[in-house]
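**Student:** These are the residues of each chain, in order.
2 protein chains.
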Amino acid sequence: MASDPRQTKIEALLGNETTFRAQRRSYQPHLCPRLAAGAGLTRPLEGVDLEVLRVAREQLPFVSKNKLLEILPNGPSRPVKPLRLGVVLSGGPAPGGHNVIAGLFHAAKQAHPDNQVIGFLAGPKGIITDKHVEITGDMVAHYLNSGGFHMLGTGRDKIDTPDKMKKCRETCGALQLSGLVVVGGDDSNTNAAFLAENLRGCGTQVIGIPKTIDGDLQVPGLLQIPFGFHSACMAFATEVGNLNSDCKSDLKYWHFTRLMGRSASHIALEVAFQTHPNVILIGEEIEEKELTIHSVVRLIADVIVARAQAGKNYGTILIPEGILEFIHEVNVLIIKISYIIAAYNRTASEEESFHKLPFEDQVQLIDNSDIWRDYDSRVFLGFPSLLQKGLLLPRDSHGNFPFSLVNTERILLEMVATYLRKQRAKGLYKGTFKTQNHYYGYDGRGTFPTKFDCDYGYNLGYTAYSLLANGATGYMAALQDLHLPVADWRPLGIPLPPLMHLEERRGRLELVIAKQKVDLDAPAFKLLEQERQKWAEGDHYRFPGPIQFDGPAAATAPITLQLNSLGQ
Amino acid sequence: MASDPRQTKIEALLGNETTFRAQRRSYQPHLCPRLAAGAGLTRPLEGVDLEVLRVAREQLPFVSKNKLLEILPNGPSRPVKPLRLGVVLSGGPAPGGHNVIAGLFHAAKQAHPDNQVIGFLAGPKGIITDKHVEITGDMVAHYLNSGGFHMLGTGRDKIDTPDKMKKCRETCGALQLSGLVVVGGDDSNTNAAFLAENLRGCGTQVIGIPKTIDGDLQVPGLLQIPFGFHSACMAFATEVGNLNSDCKSDLKYWHFTRLMGRSASHIALEVAFQTHPNVILIGEEIEEKELTIHSVVRLIADVIVARAQAGKNYGTILIPEGILEFIHEVNVLIIKISYIIAAYNRTASEEESFHKLPFEDQVQLIDNSDIWRDYDSRVFLGFPSLLQKGLLLPRDSHGNFPFSLVNTERILLEMVATYLRKQRAKGLYKGTFKTQNHYYGYDGRGTFPTKFDCDYGYNLGYTAYSLLANGATGYMAALQDLHLPVADWRPLGIPLPPLMHLEERRGRLELVIAKQKVDLDAPAFKLLEQERQKWAEGDHYRFPGPIQFDGPAAATAPITLQLNSLGQ
Chain Z
1 MASDPRQTKI
11 EALLGNETTF
21 RAQRRSYQPH
31 LCPRLAAGAG
41 LTRPLEGVDL
51 EVLRVAREQL
61 PFVSKNKLLE
71 ILPNGPSRPV
81 KPLRLGVVLS
91 GGPAPGGHNV
101 IAGLFHAAKQ
111 AHPDNQVIGF
121 LAGPKGIITD
131 KHVEITGDMV
141 AHYLNSGGFH
151 MLGTGRDKID
161 TPDKMKKCRE
171 TCGALQLSGL
181 VVVGGDDSNT
191 NAAFLAENLR
201 GCGTQVIGIP
211 KTIDGDLQVP
221 GLLQIPFGFH
231 SACMAFATEV
241 GNLNSDCKSD
251 LKYWHFTRLM
261 GRSASHIALE
271 VAFQTHPNVI
281 LIGEEIEEKE
291 LTIHSVVRLI
301 ADVIVARAQA
311 GKNYGTILIP
321 EGILEFIHEV
331 NVLIIKISYI
341 IAAYNRTASE
351 EESFHKLPFE
361 DQVQLIDNSD
371 IWRDYDSRVF
381 LGFPSLLQKG
391 LLLPRDSHGN
401 FPFSLVNTER
411 ILLEMVATYL
421 RKQRAKGLYK
431 GTFKTQNHYY
441 GYDGRGTFPT
451 KFDCDYGYNL
461 GYTAYSLLAN
471 GATGYMAALQ
481 DLHLPVADWR
491 PLGIPLPPLM
501 HLEERRGRLE
511 LVIAKQKVDL
521 DAPAFKLLEQ
531 ERQKWAEGDH
541 YRFPGPIQFD
551 GPAAATAPIT
561 LQLNSLGQ
Chain W
1001 MASDPRQTKI
1011 EALLGNETTF
1021 RAQRRSYQPH
1031 LCPRLAAGAG
1041 LTRPLEGVDL
1051 EVLRVAREQL
1061 PFVSKNKLLE
1071 ILPNGPSRPV
1081 KPLRLGVVLS
1091 GGPAPGGHNV
1101 IAGLFHAAKQ
1111 AHPDNQVIGF
1121 LAGPKGIITD
1131 KHVEITGDMV
1141 AHYLNSGGFH
1151 MLGTGRDKID
1161 TPDKMKKCRE
1171 TCGALQLSGL
1181 VVVGGDDSNT
1191 NAAFLAENLR
1201 GCGTQVIGIP
1211 KTIDGDLQVP
1221 GLLQIPFGFH
1231 SACMAFATEV
1241 GNLNSDCKSD
1251 LKYWHFTRLM
1261 GRSASHIALE
1271 VAFQTHPNVI
1281 LIGEEIEEKE
1291 LTIHSVVRLI
1301 ADVIVARAQA
1311 GKNYGTILIP
1321 EGILEFIHEV
1331 NVLIIKISYI
1341 IAAYNRTASE
1351 EESFHKLPFE
1361 DQVQLIDNSD
1371 IWRDYDSRVF
1381 LGFPSLLQKG
1391 LLLPRDSHGN
1401 FPFSLVNTER
1411 ILLEMVATYL
1421 RKQRAKGLYK
1431 GTFKTQNHYY
1441 GYDGRGTFPT
1451 KFDCDYGYNL
1461 GYTAYSLLAN
1471 GATGYMAALQ
1481 DLHLPVADWR
1491 PLGIPLPPLM
1501 HLEERRGRLE
1511 LVIAKQKVDL
1521 DAPAFKLLEQ
1531 ERQKWAEGDH
1541 YRFPGPIQFD
1551 GPAAATAPIT
1561 LQLNSLGQ
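Protein chains in written order, with this note's numbering: chain Z, 1 to 568; chain W, 1001 to 1568.
Source of the hints: derived by calculation from the structure; they are not laboratory data. All values derive from a computational prediction rather than experimental measurement. Keep in mind that the hints are not guaranteed to be accurate.
Unchecked claim - Straight line, CA to CA, 20 angstroms or less: simulated DMTMM-like cross-link-like pairs of lysine to aspartate or glutamate:
id: 1; chain 1: W; residue 1: K1426; chain 2: W; residue 2: D1302
id: 2; chain 1: Z; residue 1: K434; chain 2: W; residue 2: D1302
id: 3; chain 1: Z; residue 1: K67; chain 2: Z; residue 2: D49
id: 4; chain 1: Z; residue 1: K422; chain 2: W; residue 2: E1351
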């Protein structure tokens, strides 16, 4: 059969493999010198003050004693007896996750050929129900430098009850795990802290790995950004850059683009520096300036009117997906409506629950509430119906508002269109307003990791091994100085308890890792303020192109990190 | 100031330029041997029968005499006196357009240093109103291998009245153009044919260049695909491949993705081979099999039910944007409603026009029409409201239905959800059905051209010069054997009149270039039929990754072309 050249050619064209995938597998991620020699040695890093809240000291008495650690080369190399380590991927996938596993695996095998790495399947519930596979060299080689979390799958289960914690202890005990590596965002690292505290009894140390494309897991001075952020931003920047190219060619569309990233605007800020759009909204700025939704609409419309006067009826607009949360008047209504829905549902039967009522009845019910003021009604009725309906969306099981389900870009687009019609009636706007709207999220989350994230994930895996081999637990692995070449990165173990604060969840205060928002005093935002007027008026589009993996164009790091590293 | 290293670094980070752009500019597109030596010599290519309709012979008596031409190397090199050539970009942007201009410019300058190339601005209206720039070597070097049409801009104006044609003659006469190159799709090449016929008097020859990402401008045996198709497909394939990666990691979403591409399903077919989604709809197949919308819904739902039984509540689904046109029952309603709207609007005032009526009145009006049968009502009322409203959308100025404005992916998603609810009630479906929907179009259209399209566009520019230098007019430039390496490509001049047929436009028959749909008898579709059950059941995802420009992964050509070139 193999002798039929047509058939051979067809099989090659129909196979799952590509030259590109083969190429990516052959890339050996770079290690920073402090990790290259193996497990290394941990040493407290002085001079950084990390305060721990009293409530954290109470809930996490053991791991709260952790001191910041740095990792130096040439530590105790071969463990006396082989270690068995577990790893779990948690939350949404982020590019570079497979390289965390690869780094952990290679570091473990480098230290002792009989060291084992166990991968839990489909997220934390894989620990709870003990669903796992042993990770092999072939698996690592197959997934090296590829995107997604599909080597093990992922999930969102939290280990947040005594029963689940007990099951985890049983699994880790039965598997005789010396260590467990939890790859995840703020909630997963919160989990890691509690696991570390609770798994002392069975001798399992726990290390968290900072993952999230949203970029909101940061520790000022120690952790600039989690892994995955750069790759997702570059994927979004490719798409937005292509929209720049399209609108500059076709000269007739305004592109309203919403970007994934939860509440913080880190992604939108980075993508703005990558692409130079005509308008960029930053949630944290809107909050600080206490802008109303109508002033946000006007801010967009003013750019559209000014460009129309210059004969430019086209442009690109970036909108972070969590923007509504930062608009005070909208947020007040969200909170009040959440309260009203919860109160109503407590007494209503399943069939009569709030979300089964017709829209008019829902509005009536809200109107009748004691906490609903005339002013609230006026604000609510002034919103377009798309936003009104958005505000009434079913809350999640924690009572939280589902921001990502609201088509914020279409709401703003409609409101801008309405405003422009009024300006046109007054003779103040004479342009044409044709639009397209876009939402980029899942596609960027699933991209192949950039070289930066390939190296970053791999070094994080090595760092986790190093921390475990040196007896650490209740730490998050990190690399300092990510804006510099890999050769200058410095591995750290950051204690988890100082990162925690109290936050309202499901109606009560919980100890969780604090999310970091965009720092309006840092150089990146200051420089955005300086540049954006120029971007608004002219066509200063930047076209980053598709992510490259060979040649000089492959050597990129987030622009915001580089700007912020320059200081004021 | 330049001595402040911080400032210098900031300026570099804030500039529009990137290492990537610089790299792309440095790529010198490859030329096929028949073009490398210069203008070359044209010769009739025998053995291919190209029939011309009588109506085309009547309307285009001069250019209808054209014979198919091939281009051989070493023709008459330096023209006696320098030529001035015009070029215009027409319709939506397509990656590779700047390389057409670069090829034309370099070929012209190679033949005679005083040859000039004039670029008309913002599409055909640039000819009508004589808005132009002289193209320089610096401009060409700046835009070489970049995406979009922003060197000159583009537009959709047609030269379809005696007055516009007269103005074009005046412009070409005043500029003393020996030749005019029209870069565009089927309509633009139709324009090129009429321009060729009409500009004989002022000595301007006209050559069309086959451009459109949709891929529907083809000449069986002579032109496999227009330029731009491959790049757009690869950009979409990156995005869909990333969705594959995301859903295979997160294991919980069905991604419904609509792809640009007008009525034909060429893009969806190519992207399917690039990514191996779980479901792929092909409009031409739906038409041939006379599938109803409910059977299309069931076709999707059956895959979802089968995968749920195997524990897989995730997957990817590709939907060509023009799919509704191929569903007979929907198309019948579209045509009837278009007729009813047009009839009503003829007697209604501006304020009372159909689209200002409330939805209920619109439906009432349709119901009262003589051409509306009870059966039509039943079909219409069986559709979800999103589709009902979609069918009533305002028609364009030609009375055409605006397919691209209908969120077909959301309509199908809603109908699938409804169907699955019924299956669940019967106990036949026990899965979870969480979804995300996507539309990719403008982003892919604006991408950087792949190496394939960089070379293809450049060779087309050279071919156009060669045809002009040899006195040809009323031809489309083409390259044969695009599935082979550039060294084996063979430049052609394809006469435009044989490509034309009669088509209803604005209610009357017009002579236009025929669009090519997916050939259901060609190997690509046959192999899709063979593979898709496997893709539906298993996870045979292919991850093409971002478009690469260096190394072996950069050497790609459309898979459908390669499959079709293998014959049955």
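**Student:** Hint by hint, note whether the structure agrees.
**Tutor:** So, going through the hints one by one against the coordinates:
1. Taken as a hint, the W/K1426 and W/D1302 pair is honoured in the structure, with Cα atoms around 14 angstroms apart against an allowance of 20 angstroms.
2. A hinted pair counts as satisfied when its Cα atoms are at most 20 angstroms apart, and Z/K434 with W/D1302 does not qualify at roughly 39 angstroms.
3. The suggested pairing of Z/K67 with Z/D49 holds, with an alpha-carbon distance near 10 angstroms, which does not exceed 20 angstroms.
4. For a cut-off of 20 angstroms, the pair hint linking Z/K422 to W/E1351 stands: about 18 angstroms separates their Cα positions.
Hint compliance for this structure: hint 2 is the single one not met.
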